[in-house]
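Protein chains: 4
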Amino acid sequence: MKMTQDYIGKWAMILGGSSGLGLATAQKLAQEGMNICIVHRSRRSILAAFDTTVEEMKSHNVDVISFNIDAMNPEKREKVISEVVNSVGVSAFKTLVHSVARGNLKPLHDPNGSVLSTNDFTLTLDAMAVSLYDWVSAFAKANLFSPDARVIAFTSEGSHKAWKQYGAVAAAKAALESITRSIALEYAPLGIKANCIQAGVTDTESLRLIPGSEVMKEKSIERNPYGRLTLPEDVANAVYLLCRDEAIWINGAILPVDGGDHIR
Amino acid sequence: MKMTQDYIGKWAMILGGSSGLGLATAQKLAQEGMNICIVHRSRRSILAAFDTTVEEMKSHNVDVISFNIDAMNPEKREKVISEVVNSVGVSAFKTLVHSVARGNLKPLHDPNGSVLSTNDFTLTLDAMAVSLYDWVSAFAKANLFSPDARVIAFTSEGSHKAWKQYGAVAAAKAALESITRSIALEYAPLGIKANCIQAGVTDTESLRLIPGSEVMKEKSIERNPYGRLTLPEDVANAVYLLCRDEAIWINGAILPVDGGDHIR
Amino acid sequence: MKMTQDYIGKWAMILGGSSGLGLATAQKLAQEGMNICIVHRSRRSILAAFDTTVEEMKSHNVDVISFNIDAMNPEKREKVISEVVNSVGVSAFKTLVHSVARGNLKPLHDPNGSVLSTNDFTLTLDAMAVSLYDWVSAFAKANLFSPDARVIAFTSEGSHKAWKQYGAVAAAKAALESITRSIALEYAPLGIKANCIQAGVTDTESLRLIPGSEVMKEKSIERNPYGRLTLPEDVANAVYLLCRDEAIWINGAILPVDGGDHIR
Amino acid sequence: MKMTQDYIGKWAMILGGSSGLGLATAQKLAQEGMNICIVHRSRRSILAAFDTTVEEMKSHNVDVISFNIDAMNPEKREKVISEVVNSVGVSAFKTLVHSVARGNLKPLHDPNGSVLSTNDFTLTLDAMAVSLYDWVSAFAKANLFSPDARVIAFTSEGSHKAWKQYGAVAAAKAALESITRSIALEYAPLGIKANCIQAGVTDTESLRLIPGSEVMKEKSIERNPYGRLTLPEDVANAVYLLCRDEAIWINGAILPVDGGDHIR
Chain A
1159 MKMTQDYIGK
1169 WAMILGGSSG
1179 LGLATAQKLA
1189 QEGMNICIVH
1199 RSRRSILAAF
1209 DTTVEEMKSH
1219 NVDVISFNID
1229 AMNPEKREKV
1239 ISEVVNSVGV
1249 SAFKTLVHSV
1259 ARGNLKPLHD
1269 PNGSVLSTND
1279 FTLTLDAMAV
1289 SLYDWVSAFA
1299 KANLFSPDAR
1309 VIAFTSEGSH
1319 KAWKQYGAVA
1329 AAKAALESIT
1339 RSIALEYAPL
1349 GIKANCIQAG
1359 VTDTESLRLI
1369 PGSEVMKEKS
1379 IERNPYGRLT
1389 LPEDVANAVY
1399 LLCRDEAIWI
1409 NGAILPVDGG
1419 DHIR
Chain B
1159 MKMTQDYIGK
1169 WAMILGGSSG
1179 LGLATAQKLA
1189 QEGMNICIVH
1199 RSRRSILAAF
1209 DTTVEEMKSH
1219 NVDVISFNID
1229 AMNPEKREKV
1239 ISEVVNSVGV
1249 SAFKTLVHSV
1259 ARGNLKPLHD
1269 PNGSVLSTND
1279 FTLTLDAMAV
1289 SLYDWVSAFA
1299 KANLFSPDAR
1309 VIAFTSEGSH
1319 KAWKQYGAVA
1329 AAKAALESIT
1339 RSIALEYAPL
1349 GIKANCIQAG
1359 VTDTESLRLI
1369 PGSEVMKEKS
1379 IERNPYGRLT
1389 LPEDVANAVY
1399 LLCRDEAIWI
1409 NGAILPVDGG
1419 DHIR
Chain C
1159 MKMTQDYIGK
1169 WAMILGGSSG
1179 LGLATAQKLA
1189 QEGMNICIVH
1199 RSRRSILAAF
1209 DTTVEEMKSH
1219 NVDVISFNID
1229 AMNPEKREKV
1239 ISEVVNSVGV
1249 SAFKTLVHSV
1259 ARGNLKPLHD
1269 PNGSVLSTND
1279 FTLTLDAMAV
1289 SLYDWVSAFA
1299 KANLFSPDAR
1309 VIAFTSEGSH
1319 KAWKQYGAVA
1329 AAKAALESIT
1339 RSIALEYAPL
1349 GIKANCIQAG
1359 VTDTESLRLI
1369 PGSEVMKEKS
1379 IERNPYGRLT
1389 LPEDVANAVY
1399 LLCRDEAIWI
1409 NGAILPVDGG
1419 DHIR
Chain D
1159 MKMTQDYIGK
1169 WAMILGGSSG
1179 LGLATAQKLA
1189 QEGMNICIVH
1199 RSRRSILAAF
1209 DTTVEEMKSH
1219 NVDVISFNID
1229 AMNPEKREKV
1239 ISEVVNSVGV
1249 SAFKTLVHSV
1259 ARGNLKPLHD
1269 PNGSVLSTND
1279 FTLTLDAMAV
1289 SLYDWVSAFA
1299 KANLFSPDAR
1309 VIAFTSEGSH
1319 KAWKQYGAVA
1329 AAKAALESIT
1339 RSIALEYAPL
1349 GIKANCIQAG
1359 VTDTESLRLI
1369 PGSEVMKEKS
1379 IERNPYGRLT
1389 LPEDVANAVY
1399 LLCRDEAIWI
1409 NGAILPVDGG
1419 DHIR
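Residue numbers (the numbering used here), protein chains in the order written: chain A, 1159 to 1422; chain B, 1159 to 1422; chain C, 1159 to 1422; chain D, 1159 to 1422.
If a hint is listed, it holds; no wrong ones were tucked in.
Which copy? The list can't say, so a pair holds if one copy fits it or any two copies do.
Here are the simulated DSS-like cross-link-like pairs (lysine-lysine), alpha carbons at most 30 Å apart as the crow flies: (1) K1264 <-> K1234; (2) K1375 <-> K1319; (3) K1264 <-> K1237; (4) K1299 <-> K1264; (5) K1322 <-> K1264; (6) K1377 <-> K1264; (7) K1299 <-> K1319; (8) K1377 <-> K1319; (9) K1299 <-> K1322; (10) K1377 <-> K1322; (11) K1168 <-> K1237; (12) K1168 <-> K1299; (13) K1375 <-> K1322; (14) K1234 <-> K1216; (15) K1168 <-> K1216.
Calculated from the structure, these hints are not laboratory results.
Turn these sequences into a full structure, and let the hints steer you where they fit.
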């Protein structure tokens, strides 16, 4: 059975791991021998499917634990941390992956319809950007990171572009990239390397919520040198690479994983 | 007397105009013939100096009004808007300049000291980034923008770098640039062009609050091709250029105004 | 008659000024009161139209001289320089604008057709990038620049993107931007500020030579927030702004002038 | 013995592999089981050391062949290609790594000393940028690439910065990045993924040729979050990751491998 030597006995925390990029990442890391902790917010309708996937992961002889809670809630976060410290122990986490997608998709300007409120911006920035800092600092305080740990956040080309109805998420992605750089700098004394993966257009549940996502998908396929969308597995593979020992000197980077979309 | 033909009878709103880049901008635009509305939050100790400067501006035969309020307060904002609509009238504003500098300067990680809280991030993001949208949307709703208006926000190299203790402000600057791009796209139907000026290190009150600002200044002088810091007047001059009719096709840009710091 | 005070008695050198962005720039600067020197390579068929345009420029009470030569030829370059020194005198040039578009448009890879040769790359890099340095250094040696002079080169989004058949020009634009930054740094002791304008898709003769330019134009209109192409006048206006005294602190920048294309 | 399954029986072409990043890359890939072909230009004085390193590589049970020729010479290139086709066979190369460092280090402007000539620029651009295309197109014509092959070129922060005496190399690095993007786009039908690694300041022979390299090293250590220079091994590790099957969707990217230098 193929396993990655670097990974054995290590843990990965996946924030937002019930579907899409987060779940694909959990699956890849489990397959390579990493133990998995998933924090997710899943409706009852998808829980059975999620549980099946967890069982598949465990078939790789790894531990998988999960918490179906609101990752934004500070009390819940503290509870997860303390349970993890008890059951997993300190210095166990090789990686923390941020895949939280909870933003308000509305226009900034629409004379006839609903637009983003100040509060929509604040909530989106908190959920999709500041929460990375909240979890990383809580993990650090609880000594959960192993030496040479990896923090990985998912961003998109939207962080430096403008798309209609994507204004709050775009601002959050830009802030998320900035916070990742600050982590890359300030947590270096703990040995943490922090990077963003800029995923191409991926046909996930989160994408389908964006108005006009069908057109986005068509355009992405058209401009991609390989003529296809990004798959969750593509992104999971890149997380895998960034968690390898050989990635020790990659820090503060934004790595496009899109088959080349971003060069068109 | 030298005046810019494009400007006569037009108004500029300066958010954060009591000192630094904002005040220098007000002075330059007044000198070129634009009427000025300043929203500022000034302590009593600097009010006399501010009033003197206002009188100097008026000597250029322009109107100058000011509001000493908290630009973040929604009720105060609405009050300013309604007073401006009454006294100045609709479609009068050629430009809205965002120079709000109110951020928390603390490290992300410090085993022995105070670090940024979630709330510090939220307040900084609201004050230095989301407030741009709040004011632009309020102006648009009140029909205050003239056709071919300009929205200009001040950013810094810190938006895509990492400096210790600057994490919350860096995230806010990244978000501010993103919001400026969204405005550039979504307010195009109103004829607005929105751009950021990326100012070099400028010896303002805001800079002096950053721990290590003396070192930043020395390094900036050292790396600058012209061997000097950026002056508030340099930035004000760039605002002036972006408000000219000839800048009509500059939209969504981040213009470095730093004598070349950013290329070193 | 409207004239820009900064400009009176100053000269602009326009390299590649027989049509497109270069000619529009010459016209704008002439209209604002600057004397114009154009180096161009014009076929006989367009010379009459060019001569008419020169006469129009002169109607603004400015001097206009032109040289119909190959700007790449070192002997011709020296000849132009020495004639200009004689007729115009030293320290007279406020600006040097590089608008040389002479590149090979072929694919890198085509199993069945002609592809770029090493020599195609070399010639394109020389004509569209290195020539900027050749002219700037020759001007500097001959003391032709006035204090606080401006060097401006035209680039495109293609410098950091990949378009089929545009490979050699893309490399040249990337090199041109780099050379502009080196000029911004190394010629600072002479007071020169060097910047690039990143023009949006403009319907010029050069564009029409690019295979698929019709599709490029359609896509540009579609993604532009204002729904139109960039006009040569838009770019000329930006050159005008960068030549103003107020642009003294803009150095080493790449200024997009595209109505916002680059943010989509 | 640890080997990477993806790699067994595959070949890597290293252009410029006698020392520095190229040699470290050859060593890492050999250690992981890839056969190695090195094109280098080595003086007699270093040949003995080079031969010893080759023997060490072979101890990993891989084939290593080398050509001590001028990689810029088209006839020599054709000779290498035809020998490789004969001895290795078609479709054998998983990767082609471009590590050619042969540039002219002179200022653009120096009233009293030697400066870059047009020819210096041309030679540097040819050696450090266009040569990538020459080799990739020759490899493609000879069917040497395996499916899902990787082209990797080494760039530096200097591609988008300006450093004194580095003007020609900076332009070449910018052109190299552009050519890599064009390869990423136009060679997609052959399954090739092309990327650049932006290495931090590495204490190689090439670096020591840059005037002021001691200061560059000091500053790099100072600004690096981990307080050390980039090692050739760090860069070799990143090449290894980009050659893994999991990197299949990384295409056209510029990956910083510098421990975080670029974020300061």
